[in-house]
Amino acid sequence: MNAQRLLVAVLAALALAAPWFAYPVFLMTALCFALFACAFNLLLGYVGLMSFGHAMFFGTAGYFFGHVVKAWDMPPELGLLAGVCGAALVGLVTGALAIRRQGIYFAMITLAFAQMIYFFCVQAPFTHGEDGLQGIPRKALLGGLIPTKDDRVLYYVVLAIFVFGYCAIYRIIHSPFGQVLKAIRDNEQRAQSLGYEADRYKLLAFVLSAALAGLAGATKAMVLQFATLTDVSAAMSGEVVLMALVGGLGTIVGPVVGAFIIITMQNYLAATGEFVLVIQGAIFVVIVLAFRKGVVGELAEWWKRRQAR
Amino acid sequence: MFELLGIPPQALFGQLLLGLINGAFYAMLSLGLAVIFGMLNVINFTHGAQYMMGAFAAWLLLGLLDVPFWAALVIAPIIVGLFGIVLEKLMLKRIYHLDHLYGFLLTFGLALVIEGLFQWKWGSSGAPYPNPIPGGFNLGFMFLPTYRAFVVVAALVICLATWYGIERTKLGAYLRAATENPTLVRAFGINVPRLITLTYGLGVALAALAGVLAAPIQQVSALMGVNLVLVVFAVVVIGGMGSIMGSIVTGFGLGLVEGLTKVFYPPASNTVIFVVMALVLLVKPAGLFGQTK
Chain L
1 MNAQRLLVAV LAALALAAPW FAYPVFLMTA LCFALFACAF NLLLGYVGLM SFGHAMFFGT
61 AGYFFGHVVK AWDMPPELGL LAGVCGAALV GLVTGALAIR RQGIYFAMIT LAFAQMIYFF
121 CVQAPFTHGE DGLQGIPRKA LLGGLIPTKD DRVLYYVVLA IFVFGYCAIY RIIHSPFGQV
181 LKAIRDNEQR AQSLGYEADR YKLLAFVLSA ALAGLAGATK AMVLQFATLT DVSAAMSGEV
241 VLMALVGGLG TIVGPVVGAF IIITMQNYLA ATGEFVLVIQ GAIFVVIVLA FRKGVVGELA
301 EWWKRRQAR
Chain P
1 MFELLGIPPQ ALFGQLLLGL INGAFYAMLS LGLAVIFGML NVINFTHGAQ YMMGAFAAWL
61 LLGLLDVPFW AALVIAPIIV GLFGIVLEKL MLKRIYHLDH LYGFLLTFGL ALVIEGLFQW
121 KWGSSGAPYP NPIPGGFNLG FMFLPTYRAF VVVAALVICL ATWYGIERTK LGAYLRAATE
181 NPTLVRAFGI NVPRLITLTY GLGVALAALA GVLAAPIQQV SALMGVNLVL VVFAVVVIGG
241 MGSIMGSIVT GFGLGLVEGL TKVFYPPASN TVIFVVMALV LLVKPAGLFG QTK
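Residue numbers (our numbering), protein chains in the order written: chain L, 1 to 309; chain P, 1 to 293.
By construction, these hints were calculated from the structure, which means they are not laboratory data. Treat the hints loosely; a few may be bogus.
As the list claims (entries may be wrong) - 30 Å max Cα-Cα, derived DSBU-like pairs, lysine-lysine: (1) L:K293 / P:K93; (2) L:K182 / P:K284; (3) L:K293 / P:K89.
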């Protein structure tokens with residue numbers, strides 16, 4: 001246990017010192033995607049539901065944030081709130097329909113709904129279509145107490161949001177509610193026969209995951225000051241699956257590691273154009289065929305084997 | 001000329017024809033998905049990419065070797081089908097024992113690789129394919145291009161032939177039996193793994209055939225299958241993958257629904273299939289023709 005505490009302390013120190021060593025905007029983007037991937041993983045890793053449409057929460061939350069802050073000229077806190085609530089609402093409607101089917105159909109249904117939201121966003125006036133919602137102003141937080149024009153200051157805000165989201169997920173997984181979710185994942189019929197209404201639990205988990213994905217999307221819009229169609233597209237839904245998969249499904253740190261790996265890779269490969277997609281596709285193939293546990297899962301396995309010796 | 005609800009008949013029938021053609025592609029593609037899923041338990045996300053490969057194969061055959069459309073209609077599906085068989089042998093085979101979602105992820109990754117490579121080689125803007133049967137008929141109330149009429153008829157023939165092959169022939173009977181209980185069918189001395197490989201090849205060839213048919217109508221481009229496959233997923237959810245006939249009827253029907261939407265409320269034409277999907281999930285979650293397994 002001591003080793004674990006030490007690890008957390010080291011990670012915390014690293015996270016606090018990071019903006020002095022790396023480009024803060026990059027770190028903030030990575031943190032947003034890490035939270036997004038964790039939200040996705042809450043659903044797949046702990047309820048066994050694979051959503052292939054999580055971009056619909058991430059992307060729409062960005063639009064909600066941008067519209068509230070730019071067009072309505074409200075403080076960013078309300079923008080974040082609007083993003084979270086909007087994503088949760090989208091999650092409630094699509095989730096209530098999607099959980100009526102199981103397994104692979106669930107993935108196809110969420111994918112189809114995400115595509116529907118995408119087409120809606122292409123046409124809706126407030127999203128500005130292909131141009132996207134540009135130039136969302138960065139306003140000071142807490143009524144002027146925290147100036148966010150400085151990237152490093154904003155970094156700590158984003159870090160706080162990430163830690164909040166991460167702790168929320170940790171709390172959800174380790175609560176009695178989380179235990180029921182895991183029971184449903186492992187054996188839905190049995191959970192139901194014990195009196196747990198599986199559909200209600202699944203829907204609540206879906207809405208929570210959507211809300212957290214929304215928090216990530218709204219935060220990303222705050223950092224980068226724009227919201228575009230890319231964030232609602234099917235490719236984005238695939239990307240978050242990839243992040244969780246690379247890191248390790250069903251591990252709580254996995255998606256964070258996966259998000260940092262994928263974002264770093266994209267950063268370095270951005271110049272190669274189409275090859276980013278080719279490489280991402282190839283990673284999918286390799287992971288599914290050879291390393292299904294992901295980076296963190298494989299490392300944990302290795303550690304366990306070492307301990308056993 | 002007469003008018004229906006204030007819509008000029010040319011526009012109405014024009015959109016209905018367009019809807020019928022889209023429906024023909026939905027039917028052919030969802031049919032292939034259903035056949036593959038039945039046998040392999042894999043939702044083939046590469047279906048859109050393989051459809052694109054069919055169109056590209058025809059375009060390259062014409063451009064490089066001067067192979068005419070009618071020959072490409074046979075050769076292109078064979079080439080792409082063989083490619084599918086290689087994929088099955090090398091990769092898909094290894095994941096049948098795993099959860100469905102891994103097949104979905106693997107084929108999604110493959111689609112990214114294939115589409116990315118085509119985009120890198122040929123760019124994302126489309127290339128035109130010459131219409132093999134130009135001209136058309138004047139039906140009085142609308143102009144019917146011959147090629148488009150041919151596509152609808154050809155798609156119907158292909159769909160019905162697939163239905164016949166699976167529901168009424170001996171090989172089809174093996175196939176259906178192997179879907180129900182592979183172990184038992186193996187005990188009867190039938191090579192089930194080979195049957196699975198052939199099924200995948202056939203499903204992929206069907207997608208490629210649809211691609212060849214689409215080449216003269218749409219532009220041949222690396223991304224032509226990307227959005228299509230997502231719509232086809234919705235079609236499959238609406239129809240349910242239980243019955244072959246169900247896939248065909250749902251595919252054509254939804255094409256028509258989409259065409260009608262384009263006439264009466266154009267902004268919703270992109271989303272109408274997804275709305276239908278939501279309604280079907282409310283009323284009959286297993287799909288119109290599906291059984292709950």
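Going down the list of hints, with the structure as the test:
no., hint, result
1, L:K293 / P:K93, "holds (19 Å)"
2, L:K182 / P:K284, "holds (28 Å)"
3, L:K293 / P:K89, "holds (23 Å)"
Going down the numbered hints, you'll see the structure goes against none, and every one checks out.
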